[in-house]
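**Student:** If you want the building blocks of each chain, they are given just below.
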Amino acid sequence: MVSGVFASLIALTQGGGQAAAEGAHFEPFLPGLVVLLPLLGFLANGILALRHGRASADAVRAGGEFNLGGPDSRPSTHTLPTWIGPGVMAGAFLITLVNFGRMLGVHLEAPVVVHYWTWMATGTFTVDAALQLDQLSMIMMMIITGVGFLIHVFSVGYMKEDPGYPRYFAYLNLFVFFMLVLVMGSSYALMFVGWEGVGLCSYLLIGFWFADREKADAGKKAFIVNRIGDVGFLIAMFLLYKAFHTVDFVPVFAEAETLAYGGALVTAITLFFFLGAVGKSAQMPLYVWLPDAMAGPTPVSALIHAATMVTAGVYLVARSSVLFALSPVASATVAGVGALTALFAATIALKQNDIKKVLAYSTVSQLGYMFVGVGVGAYAAGVFHLMTHAFFKALLFLGSGAVIHAMHHAYHSTHRHEDAQDMRNMGGLKAYMPITWATMWVATLAIAGIWPFAGFFSKDEIIWQTAAFGGAAGAPFPTLYTIYWIIALAAAMLTAFYMTRMMVMTFHGTNRTGEAEAKQLHEAPATMWIPLAVLAALSAFGGWINVPEAIQNSFLGGMGAFPMSEWLHHWLEPLTAQAHHIQEVNLGELSHSAPFGGGEVLWAVLSTVAAGVVVLLTIRTVGRQKIVSVAEDTTELTGISALLYNKYYVDEIYDRFIVQPIIEASRFCWRVVDARIIDGTVNAVGLVSKGIGWGISMFQTGSVNTYAFILTVGVLVILGASLF
Amino acid sequence: MELDFSRQLHFWWALLPEIILCAWGMVVLIAGVSGKHKKGGAEEGGDPTLSGGADLGWLALVGVLLSALANGWLYGVTEVGRTSMIAVDGFRLFANWIFLIAAALSILISFAYVYRQRLQAGEFYALMLFATAGMMFMAGGRDLIVIFLGLEVMSIAVYALTAFNRRERKSAEAGLKYFLLGAFATGFFLYGIALTYGATGSTNVSVIGERIASGAASGTLTTLAITFLIIGFGFKVSAVPFHMWTPDVYEGAPAPVTAFMSAGVKAAAFVAFLRVFLVAFDASYETWYPVLWWLAAITMVSANLMALVQSNVKRMLAYSSIAHAGYLLVALTAANETAAAGMLFYLLIYTVMNIGAFAIVIGAAHQAEERLQVEDYAGFGWARPFLGVVLTIFLLSLAGFPGTGGFMAKIYVLQGAADAQLWYLSVILVLTTIASYWYYLRLAWFMWMKDQVTEGQHTLVITPFPMRIALIASVCVVLYLGFAPGAAIDFARDSVQGLGAVGGGLLGLGQ
Amino acid sequence: MTALLESLGYSGWALHALIWLPVLGVGLVLWADEAQAKILAFWWSIGVFVLSLGLWWAFDPTRADMQMVSTTPWIEAWGVSYSLGIDGISLFMVMLTTFTTSLAILGSFNYIQKRERAFYALMLLLEAAVIGVFVATDVFLFYVFFELTLVPMYFIVGIWGGERRIYAAIKFFLYTAFGSLLMLVGILYLFAKAKLVLGLPTFAYADLLQVPLSGTEQLWLFTAFALAFSVKVPLFPLHTWLPDAHVEAPTPGSVILAAVLLKMGTYGFLRFLLPLFPVAAQHPTVVTTMLVLGVIGILYTAWVAAVQPDAKKLVAYTSVAHMGFVVLGIFALNVNGIQGGLIVMISHGISTGALFLLLGMLYERRHTRTIAEFGGIARVAPWFATAFVITALASIGLPGTSGFVGEFLALLGTFESHPTIAFIATLGVIFAAYYMLPMVQTVFFNKLETDENRQIKDLSSREMVILAPLCALMILIGWHPTPLLERMEPSVRAVIERVEAAGAADAQASFDPTPDAGPDVEDDGIQVTDGDE
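Protein chains in written order, with this note's numbering: chain A, 1 to 724; chain B, 1 to 511; chain C, 1 to 533.
Don't read these hints as lab results, they were simulated from the structure. Note that CB positions come from ideal geometry on N, CA and C, so glycine has one too. Wrong hints could be hidden among the right ones.
To be verified - Examples of chain A residues toward chain C, derived with CB under 8 Å:
1. 53
2. 121
3. 122
4. 123
5. 124
6. 213
7. 227
8. 228
9. 663
10. 666
11. 669
12. 670
13. 672
14. 682
15. 699
16. 702
Stated by the list, open to error - Computed spacing ranges between beta-carbons, pair by pair:
17. 628/A with 364/C: 51 to 59 Å
18. 526/A with 110/C: 36 to 44 Å
19. 55/B with 713/A: 15 to 23 Å
20. 53/C with 487/B: 37 to 45 Å
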């Protein structure tokens, strides 16, 4: 059967291929279905979840808890989501593969846009519900459906005993739907639908265990912080509309060059778009939500907060490469924010003890790298790192999930309420979870940038391009780029350190979980480790699709046969060509040497060697440190350690200077402005009216004398008025 | 038939409605002496329509009906010349309809009251008829003397009616107050007439109008005359600051009398006011316009504000009637054909809705002077849905709400003001209307939105058959005029046509 | 469908029937048994709704003018006629009214426990009056209906409301009457002017459009009309009646108030303010004032909403914020903005109506609306929570829901003409999340602690029947608003063109150096007065 599927797949692929031979014709294969399948999965799972929720509610109302798989459970609440959730993902992935295969067969010059219906049309403004298929969206689709599928499979094992099982898959499917809309939408407006939609799913999934107030809070925080960025996205769209009267990609990019290079308008557009990206991709200063987002189930962190959603900002900049290329200021800002974030988050990661927090800050940091890449005009490099990062970071998260899963079970079995995520409670897990240990080491080496793992190629290209861009003849702010370059190098070393620290604390040394608990520790089940293995393979070899020409031609390349030299670069060429052209016209050729001399190969070698050294040193030093479990840990952090451990107190600062003042202001508006001033005025009008009425009524004494007197006064006044 | 006032007899024809009323008043009076009607009773249960003075009430109604027939007959009559003492024009006849309706409704709602309060039915109804005749004289008089005569006939009858319930201390006190202050005001009115005569050498409004227009009159004297007349009329229409008597008298007088005078007396005074000022003092518009402007403004504002703080329903309605006087003064200030027609239309609707509202107040007060606080109406609507709905409609109409005649009336007056470009006055009118919503709706909220304080609180509410006739008739008129006012508007507009012709063109016309 | 309607002569009688059928229903409900009243009222309102559905097909989407016009003289002396008609702007308001009234009635089955006949009679009366507002093409008739809506609402709030119902009812009444009475003076000014210029008394909308007004006159009249409509909208700072009215009103009252009555204000902006006073409406000071008030409404009320302890009050304040978007859209004075505003109106009607229904259902279960009293009830009422979250998301304008389409277009339009203001207004997107999510979280998420909350029942099938169409519409409009947009476009365009034409004429008047060529020209005997600036 499997071979049958493959046979038909190949046939489908070649359907496009043959057309290509005739005239480079790409025939999209059911692109709508790619989007629709996860949506259908969401609906099916959603209905199951609600049905299940009814039964669960009855149990809760009766004072108990719902026991999944227990006598209350209908078989459908577990079996069906298990098949539907990953199933729709498999379907979407297969269709994507077919399309990918077809696109491979042709050299697609212009994006293919498939229209479905008119979404909004006011007479002066039209947006279609249309999907755009091109090289960039194809890469993204591959990552989303591929990695997404693996994570769905992993979730089957991970979430197995969760009472919210069907709901979980409903949300996850919905997320994939929105993510696909984000990358496949043919206009910024449609992209925005996905953009906010994934934010919603992120909100729902972070707060998946909503009974825990902190988790629900984390979801809310993510949503609100994301919305700050979304405002930027919206404004950017308005500006685009003002400039081009459309927000569709194709016409916008076609006319983009009518805008002045470096002009205020294009700079504003791109900066506002970047604000959106900063929110979504957790860059400074809006990164604060991502570490909190780890409150969600770990596969969610892998899919949403590492592999896909958070990279949407990078996708946005890459997609808008033409616009960003037109604005050197915006590009420098992108790269600058990226570089700072990369460094900043890496320093925080140094001191975290929560395994997921380390990964979260690492994600923030790596996203920073991607922005450096797209900020220096290396759009392909940015996307490249996005892709490799999706592999190894998903793997890291899933691996940590496997660890947490095991730890949780261990503590659960002995009813101890210890932190299952704190690395101080781990140690020595290698013995219990060898597959997890091995695969995670692959990912760690990848992220640390050790040759020949995936991260080496992608990270290195970004670092190199930063140098090359800063050295270009017409480059604006060359010093700035040198600083970025140094930061990028430094952050890479920090990455190597904290990742190794994490590995050592988790897997090496002695076990600190507890004696009784340690007996319960076990390797993850197959549904969980198989995805780990697949991702490990991708993390190990995924980088080879885009080996830089320089390295390919050097001794490093010679050691392995890299058949796909600069493949991704070429693949994305039709989309980035315009941006590169703009760059070339305005900046001149890129530099061929780094700021302090040396070529691409030299620095690549230097960095990988340095990273390797850091890894080894870290294994040594951290391995020798005496780490005690949380319960016994009494060390008071001081100085820089405390600063790093407490994440530079950024959350506290935001709370003190932004959140609390807004709440205070809101209270003021309500209690003082609304209730006292405005409503007070309104009520005062009534009261004063009554008061005056009461005052005048005072003359109504009942005495005829008074009446006659007032009458006379009236007479005199009127007489006086008429006569004089 | 054509009336030629050089022939004595023709005066009799021209005054037929008034004469019938006066004569019929005598008849009722005499019938009342026969004794068997005298006794009213305070005991409950007996149907008040069948005993103790009810037949006198029906008798009085016959008189009103006959007078109405005569009034209708006068439409077929034309007069020769326009300077006779008695006007036979649409204006007067329209006003007569208002008085007759006021009289009829007041009589209908007073049956049970007269019975339960042991009032002298014969004298009571006779006085009502006399007062009505007096009002008609005011409306029909084209000579200041006739108007004065009418005023006195009406006033003296009403003074007596006010004090009629001699067992009630308040009633007697109100009568005395009304009389004293009324006498004071009448003095001004008389002075006004005298000064007018001094300035123009005539008491005939048409002649006065011509003399003033031709510049033959003395300026200062005219101004003084106008001022005094304004004071005299202002007292009768209870314009602020000459309104002081109103709340006390309205509160003290027997409720049906209050209903009658709040509608009839005011209407009569306004009609005469309009005729005198628009015909006689048309040319002095610039003199009296600012005075009336201020009177209207002050009246609207202070009356509505004072009404806000009243908790006695009768008193609240008293202030409301002052407020309505303010709105009518706006029409007078506008002094154009639209406003004149608007005033007639307004008075018609005001009469109906105001007496209607009083009718329910009388019923709710157990046909006596009790339970007059707003709080007493708690849960009234749900206990007595028919009365509740009807009273709500009257209140909405008094407030000038769409769907009721009161709205159309207010619109008509505002149109007059718009034609005269009285924008500030219009704004004051609508702003004070908002204040009035509060006190009218207050009654409605007690009726519908509060629960009865004690169970069975409203079971003693008495609305006998004649009162129900009055209520149904009034509510029908209010709603009919709210939905289809076209015919009445045309009628009012036609009715003021002749008036303009006499005075040589109303102000504001042909702008 | 169109043919069927045609054979029934639908366009001839439909609008009349839409007003008078509910009135007939009032009689029937009052006459019916107390126990049957609600059933009868519900099916009656469904009948009215079904009848109104025909408008969708009978309406010609290509025309900009009034359709299905019928005119009968009413008060000839004043030139008042009973004339009805709809265009692309009022079409949806009518349908929204009939739709939400049905659902509101269905939603009050449990809430209203006493004096049911009277209640349902008032609901139907209210429906008739509101439809009248939207289909009247005679200004006098419009005013009558506009004011008439107050009475049933006054009683609905005052009789069936909460603790402070009387205060709320009277406040609502006086506040709104304040504005509308000033408008009445304005209408009479127009009327007097029309009588002068056209030589005949008329209140017909089409005639009043012909009345030439100087710039100063327009400004004054604009102010009078704008006051009336701004109170209704409500526009900051005239909004404080709304939270009180909403909180005290019974559920169906709140639903109708939010879904329909507020729209009368913005509808008035579109129908009267812009076409009648085009010069004033585009006067920079006026536009800026309205836009700024709209923006303040969006941000300020979002803040105030966020700290409300009472869920219903919170939603009430959000209404003000939503209507701020509508005001922005309208005074953007372009096609995008106005159409966006209209979609916000529809969307707000649906989503806020649904929110009030949901809060009402919650209140029926728990007899409190204090947010802090709740917690974790998503666990015992998952359908309820789902419906609430969908509605809340539509309310805060998440893409893929109706709220987004409207807000996006309204902001887009505003940005076209006033970028700075639109920029500030867009911040409202953040604050929408700031007020809505904490409420959703506290009520539905967090720990399920108290026993009362544990016993909260999930949606009954009747409640699902109410909420399903609302939620479906939110999403449907979110993804496919085109049928709505294309029907409103011609009428909106006509409004814009009228405003722009006046602006052009005005500009010509101000800048034309030769007085002879000025606008003081005799044209068909009507003197065109100049722009008076």
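**Student:** Now, for every hint given, state plainly whether the structure supports it.
**Tutor:** Structure-based check of each hint:
Hint status for residue 53/A relative to chain C: holds, with the closest Cβ pair at about 3 Å, below 8 Å. Below 8 Å, beta-carbon pairs count as interface contacts, and residue 121/A has one with chain C at about 6 Å; its hint therefore holds. For residue 122/A, the shortest C-beta to C-beta distance to chain C is roughly 5 Å, which falls under 8 Å, so the interface hint holds. Proximity of residue 123/A to chain C holds as hinted, the smallest CB-CB distance being about 5 Å (cut-off 8 Å).
Satisfaction of the interface hint for residue 124/A is found here, the shortest Cβ-Cβ separation to chain C being roughly 5 Å, below the 8 Å cut-off. At a threshold of 8 Å, the smallest CB-CB gap from residue 213/A to chain C is about 5 Å, leaving the interface hint in force. Interface hint status for residue 227/A: upheld, as the beta-carbon distance to the closest one in chain C is roughly 5 Å, under 8 Å. A distance limit of 8 Å between C-beta atoms decides the matter here; for residue 228/A the minimum to chain C is near 5 Å, and the interface restraint holds.
Here the hint on residue 663/A is kept, as its CB sits about 7 Å from the closest CB of chain C, short of 8 Å. Satisfaction of the interface hint for residue 666/A is found here, the shortest Cβ-Cβ separation to chain C being roughly 4 Å, below the 8 Å cut-off. Among the interface hints, the one on residue 669/A holds; its C-beta lies about 5 Å from the nearest C-beta in chain C, closer than the 8 Å criterion. The beta carbon of residue 670/A is positioned within 8 Å of a beta carbon in chain C (closest approach about 4 Å), and the interface hint is therefore held.
Interface hint at residue 672/A: violated, since its Cβ lies 11 Å from the closest Cβ of chain C, which is beyond the 8 Å cut-off. The interface hint given for residue 682/A holds, since its Cβ lies 6 Å from the closest Cβ of chain C, which is under the 8 Å cut-off. At a threshold of 8 Å, the smallest CB-CB gap from residue 699/A to chain C is about 26 Å, leaving the interface hint violated. Annotation: interface hint on residue 702/A violated; nearest CB of chain C at approximately 30 Å, more than 8 Å.
Between residue 628/A and residue 364/C the CB atoms are about 55 Å apart, so this pair conforms to the stated range of 51 to 59 Å. Evaluation of the 36 to 44 Å hint for residue 526/A and residue 110/C yields a failure: the beta carbon distance comes to about 52 Å. The hint said 15 to 23 Å for the Cβ distance between residue 55/B and residue 713/A, and at roughly 49 Å that hint is violated. With their beta carbons about 39 Å apart, residue 53/C and residue 487/B fall inside the hinted range of 37 to 45 Å.
Comparing the model with each numbered hint stated earlier shows that hints 13, 15, 16, 18 and 19 do not hold.
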